[in-house]
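Participant: Throw the hints in and build the complete structure from the sequences for me.
These protein sequences, in sequence, are chains E and P.
Counting with UniProt numbering, you get residues 1 to 323 for the letters of the first sequence.
Counting with UniProt numbering, you get residues 1 to 288 for the letters of the second sequence.
In short, the hints are calculated from the structure, not lab data.
All values reported here derive from a predicted model rather than from experimental measurement.
Ideal placement from N, C-alpha and C gives every residue a C-beta, glycine not left out.
Check before you lean on any hint, since a few could be wrong.
[To be verified] Label pairs and their calculated CB-CB ranges: (1) E:Asp216 <-> P:His198: 54 to 64 Å; (2) P:Arg114 <-> E:Gly55: 23 to 33 Å; (3) E:Asn310 <-> P:Lys72: 31 to 41 Å.
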Amino acid sequence: MAVLTKPRVRATHVAPRARHGLRYRLDVKGAPYLYIAPFFLVFGVFGLFPLVYTGYVSLTGWRADTPGSEDTFVGWRNYADLVHDPFFWNAVKNTIGIGLISTVPQLLMALGIAHLLNYKLRGRTFFRMGVLLPNVTSVAAVTIIFVQLFGRDYGMINWFLGLFGIGHTDWQAGTLSSWIAISVIVTWRWTGYNALIYLAGMQAIPFELYESAALDGASRWKQFWMITVPMLRPTILFTVIVSTIGSLQLFGEPLLFNTSQTPTTGGSQHQFQTLALYTYDQFWQKFKYGYGAAISWAMFLLIALFVVVNLVAARRMRGADAS
Amino acid sequence: MTAAPLTLGRRRRARHQLSADRGTYLVLGLVLLLSIFPMYWTLVAASHDNSAISKTPPALLPGPHLLDNVQKVFEQTDMRLALNNSLIVSAVVTVSVVFTSTLAGFAFAKLPFRGKGALLGIVVATMMVPPQLGIIPLYIMMANWLHWANHLQALIVPAAASAFGVFFMRQYLITALPTELLEAGRLDGCSTWRLYWHVVLPIARPAAAVLGLLTFMATWNDFFWPLVVMTQQNPTVQVSLSALQGGYVQDYSLVLSGALISTLPMLVVFALMGRQILGGIMQGAVKG
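Facilitator: Pasting the structure below:
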């Protein structure tokens, strides 16, 4: 504040400035609001409003194929239906299952890779760019590629596993196998990105900590667990939350992983239909706007719940360390 | 073991590192191989005809049919229109996001105004809200009220400003933009707009470039919203890919040629500007 009032006071006493007194004051007072206005305008109209409106739509029996249904207020019925909808709970199970398989090993590997990248390396930039490469590709392209790699009869992955005597797997057919395949796609795209985030965090850790630990005779492995991991805790928390939010919204991978003519079902037994996919299925294939909106809100609550659980767990851990 | 990094540290001040051993290179080499292999294999598959893919053992070297396959993709699908659409949308969104983000970032970093803290809090909070949740009403708005469904503005306008961008530029400008420079500009009688144009923008350029790259790539790769609001008559690249995948004709070399075409622009951008992207991600991690 003080920074800009100083020249202003001075300016009003300087002759050339005095002529523009009003315009100047308007500029200084008004410009900041004008400059932040585009963001808030776009966010308000296309971000906040749809979010709130989703809540309203979820209380109606709106169906796109039934004219006039947009005004049929049904109260909490969509939510009551949701609780008794086996496909909804199936989607919750799939989302959480795939979420765990795709984030936990991914972040552990990212931590390990970051640790290796933090050594003095020849070709440092080359390695860093290499691990980042998967992240610049699109979900659609990558999933299409991995569908071929995971192909039942001629897929490279089955061929490779066959070298070790493992029989051909129909990756799309099974629950666990489809979860693993989808998780591999997610993991391939995001591990390097998270490794670089961890690397950035590691570089901010004071080297003196490692020096004194080494003097005390701590092995490199011990240093990693006693120094690197605790010091990285805020970064780890950040990646866990971002990955959680991302994995709970998983959509493109399970949609395109399904090569059948009804891709929104998430497999013949709905074995990899995620919540986002189920929302899309109800909204786009079944025209149920009201019900789809209710699923969206349920998804939002689930995401909020997971973020809170993460934050509480992080606080607990910090508390446990302190005591 | 500790002596070497210690002397190194004295020379390079605060940046000490342990040297990598052979095992480190081996593991990182393996990681690199896994990172690159799917893209390489796509090139291999896209350069063979369909029958070569179903061979055992699978082909591992590029074949002679790449140009044929690419040509077929352009003949049999709307890939040309899709590339055009994606280019227009990504370019316009990028320019718009960089403009609105530097503007708002400047205001939040250096201009005094009432309610600044609370408004910045809102910006940060919106980054946490998953955009998918409003997708049904957003579609209703586009289809029923604005009649923008299947038009490019349905992709451009909602993406014209970004909370991440505003926050990213604010974080950069708060340290990179010297307040004295702004004061000097004020004394010379500069309006806020002239300060923005002649002082802020030149200084913001490195971060704006990173933001632009990240925005361009994210927009190019975006899938869910374009799939909802666009149709196969007016697709983006990603929407067009999903049609190729779901098509009745399963010509895999064609499908993978499509994947290759759609990814190539990103790979070119990455090859040319990868360092900046890398720097942006790592810097964002420390500051965010």
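Participant: Would you list, in rising numerical order, the hints stated earlier that this structure does not obey?
Facilitator: 3
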